[in-house]
Amino acid sequence: MVIKTEPFVVNIGPAHPSTHGVFRMRVTLDGEVIVDMEPVFGYLHRGIEKLAEERTYTGVIPLTDRLDYLASMSNNLAYCLAVEKLVGIPVPERAEYLRVIMAELQRIASHLIAVGAFLNDCGAFMTPILYMLREREKILDLFEMVSGQRLTYNYMRVGGVSQDVPEEFIPALRKFVKVMPDWIDEYDQLLKENEILLARAKGVGILPKELAINISASGPVLRASGVNWDIRKADPYSIYDRFEFDIPTGSVGDCYDRYRVRIQEMRQSVRILKQAIEHLPQGEARSDVPHLIRPPVGEAYGHIEAPKGELGFYLVSDNSIAPYRFHVRAPSLINLTALRDMIIGWKVADAIIIFGSIDICMGEVDR
Amino acid sequence: MAMPALPPDWPGGFWVHWGVFVVIIFAFVMAMVMGFIWFERRAMAIMQARLGPNRAGPFGLLQPVADAIKVLLKEDIIPAKGDKLVHWLAPVVAFVPVLMIFAVVPFQGGAILADLNIGILYVVAISSVTTVGIFMAGWASNNKYSLLGAMRQVASVVSYEIPVVLSIIGVVLLAGSLSLSQIVMAQDIPFILLQPLGFFLFFIGACAEINRAPFDLMEADSEIVAGFHTEYSGMKFALFYLAEYGEALAISAIVTTLFLSGWRGPVLPPWLWFLVKVGLVFFVIVWIRTTVPRVRIDQLMALAWKFLLPLALLNLIITAAEVLAWPTALPWVIVPVNIAIMVVLVLLWSRLFKLGWGRVEV
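Here the protein sequences come in this chain order: L and Y. Counting in our numbering, the first sequence runs from 1 upward without gaps. Counting in our numbering, the second sequence runs from 1001 upward without gaps.
Isolated chain L (complex conformation):
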């Protein structure tokens, strides 16, 4: 006798412990197996793109903080690059180095949250994430020194950074860079070779190379699938062509690879930080830029390798003081489009960790 069963629909989210914000997965379950999934988002839509079109070019920077609020510095940087490209503003040497330092610190901070939250989703009850938050606190302290803020920094400016770093910043940064590799070793000790983690994450949620390229995924999600693509190398912005670093890639594209790629990227970021401190020049931290910028009619696209992937700002100018069109290429949203293909056929528990391994930030998805 075959027992007749019916699939049933479960809403995972928008208020759920592991949706990392207000994302909703409308999954159809056959027992524990997921047969269909429909992503629902928009709960955090604030109309940032439209708001930006009502503000001056310099006034938009605080809005970009609120996109991916776990990586505000990167957002600032990408936007400033776009405006500088549009207007043609030079950036002082010292400011370039400070920008790279901030962007790499931000990458470490964002990856700490990503890896910690991923391991928490796997069920390692709070332990890894708390160790990682401990180090993220140190990065936030550094950011607080330079900007006075701990989450939305609003530090970068068009043509540099808002102010030079205080004198206690560089010693504190040196100290951080010295100990961070040991901390990363400690994270590896926690769960890297754990049998249960291997059973849970290896081979789970595979994103094939072709699919990853086709959906235009970027960042660690793309690199874990074995594609060697990093904007810092592929289209060097700022002064990234001066630094030596490797691009870690995965081989299979499963959850474990994405976790490993992030850990290795932290090591590379520390490497870049070390070089940046060595060569940090003296001088101005900001070039002379008027408060009201009137770019010539035209368009510009500035993109960077943000912690979550390729973050781009597309600006269209009509020679007024506000952008005519302001568009964000948000890596979280585009990586999220791979989710359905990755989770169908897996179990509820897998869906959570696959979703966690993409590392999205709803502020950026919904904008």
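Label pairs and their in silico Cβ distance ranges:
| no. | chain 1 | residue 1 | chain 2 | residue 2 | range |
| --- | --- | --- | --- | --- | --- |
| 1 | L | E168 | Y | L1268 | 48 to 56 Å |
| 2 | Y | L1268 | L | R150 | 46 to 54 Å |
| 3 | Y | L1121 | L | K209 | 56 to 64 Å |
| 4 | L | E6 | Y | A1321 | 49 to 57 Å |
| 5 | L | E53 | Y | L1085 | 57 to 65 Å |
| 6 | L | K209 | Y | S1350 | 30 to 38 Å |
| 7 | Y | A1049 | L | P208 | 34 to 42 Å |
Hints were generated in silico from the structure; no laboratory data involved. Yeah, the Cβ is synthetic: ideal placement off N, Cα and C, and Gly gets one too.
Given chain L's structure and the hints, the job is docking chain Y onto it.
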């Protein structure tokens, strides 16, 4: 083997004995559970590089009391389309069996409510009743997360009961009795040394039965919110919470009794030995919880049927052969032999079997 019986001048006979012990057990379980909740939170906090509760009372010792007061004052919510009677009954059905387990746990020689001659069988039977309460909760809540959690609980208990019982039989063979106090009296060498494989299997199986990490799928908060008690609040939730920690306490006590020679030990008074051992076992449970990630439901099943069950059967056969053939004059020689057997079997078997099935084509 002489059993230290009740003092002959124990006043009042059966009913007084019964009444006194019921009160003692209730107070003991409540106090220990509160202590353990505090202990777990502090120990976990220290392992996780944070402080833990440290405001209410010295070292935060009164935190469980504050939590209890809070939980008592909270509103009790029943889902609109839930089954009200079953929803009300479920926490009781889940909690009462936990208390009943302690009826047969010997706290020290003679300090036992009912020295049943089938004590361990009673423990196995009664501890399964909690599952019924959990399934009632999952069903009555009319919530899909609750139902998923309850289904997982039933599936895991049905699977893990078998290896757990089989590993207990090894102990029973050695002791020659099902009575818990007789089992303790038989442990001149703690059975953890004579039955290392049995202990290993029992501990894993017991952790799975009481929903402790890494087998806490029934209330996996990162997956199904809170599992079967998603729709519970106030005192009913507190009863589930008490049941969960009560079960952990009961399992610690049973492990102590079966494998760690119960109340027996040098120098310290017997009841203190018992408490120390129970605390130690509980600490190991907490330690595992903070360390490892959670397994998936199919991996949980695979572990029970492909790993624990065959090993439990092998353990039973080996123990039976030893009891039959080993000269009783040389008890200590068998200890290294058994430990070697355990290491070889576990290593070999862990290479042989595969966890779970992975992706399903849909």
